[in-house]
Amino acid sequence: MERYIQVRLFASLKDFSPTDPDNFPISHGETIKSVLKRLDIPQNEVKLIFIDGVKKDVTYRLQGGERVGIFPPVGGG
Amino acid sequence: MKMKLTEEIAKLSKESNHQDGDSYRSISVESTLKISQIHRCHGRDVEITALEAGIVPERYARNMKTYSHTQQAVLLKSTVSIVGLGGLGGVVVEILARMGTGSLNLIDGDIFEESNLNRQFLSSEKALQQTKAESAEKRINAINSSLIIHTHPEYVNEENAVDYLGKSDVIVDCLGGIQDRFVLEKASKKVGCPLISGAVAGLSGHVTTIFPNDLGLESIYGKPSDLPASGAEASLGCLPQIVTLVAAIQCSEVAKIILNKEVLFRNKIFTIDLLENVFEILDLAG
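Protein chains in written order, with the numbering used here: chain B, 1 to 77; chain L, 1 to 286.
These are computed hints drawn from the structure, not numbers from a lab.
Any given hint could turn out to be false.
Cross-link-like lysine to aspartate or glutamate pairs, in silico, EDC-like; alpha carbons within 16 Å at most [as the list claims (entries may be wrong)]: (1) L/K223 with B/E45; (2) L/K11 with L/E30; (3) L/K4 with L/E58; (4) L/K268 with B/D52; (5) L/K223 with L/E276; (6) B/K56 with L/D283; (7) L/K77 with L/E52; (8) L/K223 with B/D57; (9) L/K186 with L/E218; (10) B/K56 with L/E218; (11) L/K34 with L/E8; (12) L/K189 with L/E154; (13) L/K65 with L/D20; (14) L/K190 with L/D214; (15) L/K189 with L/D214; (16) B/K14 with L/E276.
Covered by chain B, according to a simulated footprint, are these stretches of chain L (three or more residues, beta-carbon under 8 Å) [unchecked claim]: (17) 87-98; (18) 147-161; (19) 176-183; (20) 200-207; (21) 227-238; (22) 273-281.
Anything over 12 Å on all C-beta distances counts as not near chain L; from chain B, calculated [as the list claims (entries may be wrong)]: (23) K14; (24) S27; (25) H28; (26) I51; (27) Q63.
Cβ atoms here follow ideal geometry from the backbone N, Cα and C, with glycine treated the same way.
With the sequences and hints as input, model every part of the structure.
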């Protein structure tokens, strides 16, 4: 069974968005760290990771169906 | 013999009507100024006394269907510090002055330059090279001369922060860059005051409200020792529409804290992305 997540990248990370961000294929138990690597997002540019609206870290293991939001540091005023 | 303040206010008040026809007693800006001169008191005190006597300063008439007389007086009695008077700070100043937040404490050591003109409401072609603190003071005086203003044309740092922020009811973090926000947060915790932090980059932005025992900036930016000096704004710039929106949300939080409302962005972050119209409230507690 194929599993998908929705990936939403914010601010300067938008350039790394996959072609179909609403249906990004993952393997069962794949970590956020692995997803970042597959999207070529440098881990040091990632500050905030949300899974279904709740803050998690790069070790979180995905089951499929999650909404994943990833933010760089944002500090403009 | 000089009349009592309340009698003077009552004498110069007049009958007015709200847009829905409800009537109320009202006192004009001109009368408020006149009374403050006769009684040698601040316009803010005239307005507080008026509200406590059930008389509405006409400048707040459109607030009064949402805020009670007591709540408007509480706003007028409050002190808010605005740290950073650039994009976010300029809009926050504008909104809080019109809302009738009684005492505004303005902190920024910067001057205006041309690249500020796209988003910083206090900047103008004529104000280039003026200090942001001075421009903010002028703008507030032009909007609402009843307010008390303290300006500190300096950057906030470990030495001056507690001194400048000590008397605040709420502190608004409108700083640019990331490192200084941690200095400000530390000071806000030290003086036991809630901090409302807003930040923008490109067409994205976020707001969070931090009480002294809340998770705070580390839950957003990580450890201060691992921080870059600036964030995504260095590569994306800052657009006026997101700056204004984030600042408006910050002001909404200010008013709710002062008026003791419970629904706040504490241990949560309100994120906005205007490119794809994504608005989310996210849980920082994990």
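Structure-based check of all given hints:
1. For the given pair, L/K223 sits about 14 Å from B/E45 by alpha-carbon distance, which is consistent with the 16 Å threshold.
2. Using a Cα cut-off of 16 Å, the hinted pair L/K11 and L/E30 holds, with the two alpha carbons roughly 14 Å apart.
3. With a C-alpha separation of about 21 Å, the suggested pairing of L/K4 with L/E58 is violated against the 16 Å cut-off.
4. For the hint linking L/K268 to B/D52, the alpha-carbon distance of about 14 Å falls within 16 Å, and the restraint holds.
5. Using a Cα cut-off of 16 Å, the hinted pair L/K223 and L/E276 is violated, with the two alpha carbons roughly 30 Å apart.
6. Proposed proximity of B/K56 and L/D283 is supported: the alpha carbons are some 10 Å apart, at most 16 Å.
7. A C-alpha spacing of about 12 Å is found between L/K77 and L/E52, which places the hinted pair at or below 16 Å, so the restraint holds.
8. A threshold of 16 Å between alpha carbons decides the hint, and for L/K223 with B/D57 the separation of about 14 Å falls inside it, so the pair holds.
9. Only pairs whose Cα atoms come within 16 Å are accepted, and L/K186 paired with L/E218 is accepted, the gap being roughly 11 Å.
10. A C-alpha spacing of about 14 Å is found between B/K56 and L/E218, which places the hinted pair at or below 16 Å, so the restraint holds.
11. Simply put, L/K34 and L/E8 have alpha-carbon atoms about 10 Å apart, close enough for the 16 Å limit, and the pair holds.
12. A hinted pair counts as satisfied when its Cα atoms are at most 16 Å apart, and L/K189 with L/E154 does not qualify at roughly 21 Å.
13. With a C-alpha separation of about 10 Å, the suggested pairing of L/K65 with L/D20 holds against the 16 Å cut-off.
14. At most 16 Å may separate the alpha-carbon atoms for a hinted pair to count; L/K190 and L/D214 meet this at roughly 13 Å.
15. Straight-line distance between C-alpha atoms of L/K189 and L/D214 comes to about 9 Å, which keeps the hinted pair within the 16 Å bound.
16. Proposed proximity of B/K14 and L/E276 is supported: the alpha carbons are some 11 Å apart, at most 16 Å.
17. Counting residues of the segment 87-98 of chain L whose beta carbon lies closer than 8 Å to any beta carbon of chain B gives 3, which meets the minimum of three for the stated coverage.
18. Note: the segment 147-161 of chain L has 0 residues with beta-carbon separation from chain B under 8 Å; the three-residue rule is not met and the coverage is violated.
19. For the segment 176-183 of chain L, the proposed coverage by chain B is satisfied: 4 residues have a C-beta within less than 8 Å of a C-beta in that chain, meeting the threshold of three.
20. Residue count for the segment 200-207 of chain L with a Cβ under 8 Å from a Cβ of chain B: 6. That meets the three needed, and the coverage hint holds.
21. A stretch counts as covered by a chain when three or more of its residues have a beta carbon under 8 Å from one of that chain; for the segment 227-238 of chain L and chain B the count is 10, and the coverage holds.
22. Counting residues of the segment 273-281 of chain L whose beta-carbon sits less than 8 Å from any beta-carbon of chain B gives 6, enough to reach three: the coverage restraint holds.
23. A beta-carbon of chain L comes within 12 Å of the beta-carbon of B/K14; the shortest separation is about 7 Å.
24. The Cβ of B/S27 lies farther than 12 Å from every Cβ of chain L, with a closest approach of about 24 Å, so its non-interface assignment holds.
25. No beta-carbon of chain L comes within 12 Å of the beta-carbon of B/H28; the shortest separation is about 22 Å.
26. Look at B/I51: its CB is around 9 Å from the nearest CB on chain L, not clear of 12 Å, so calling it non-interface is violated.
27. No Cβ of chain L comes within 12 Å of the Cβ of B/Q63; the nearest lies about 17 Å off, and the non-interface call holds.
Going down the numbered hints, you'll see the structure goes against 3, 5, 12, 18, 23, 26, while the others check out.
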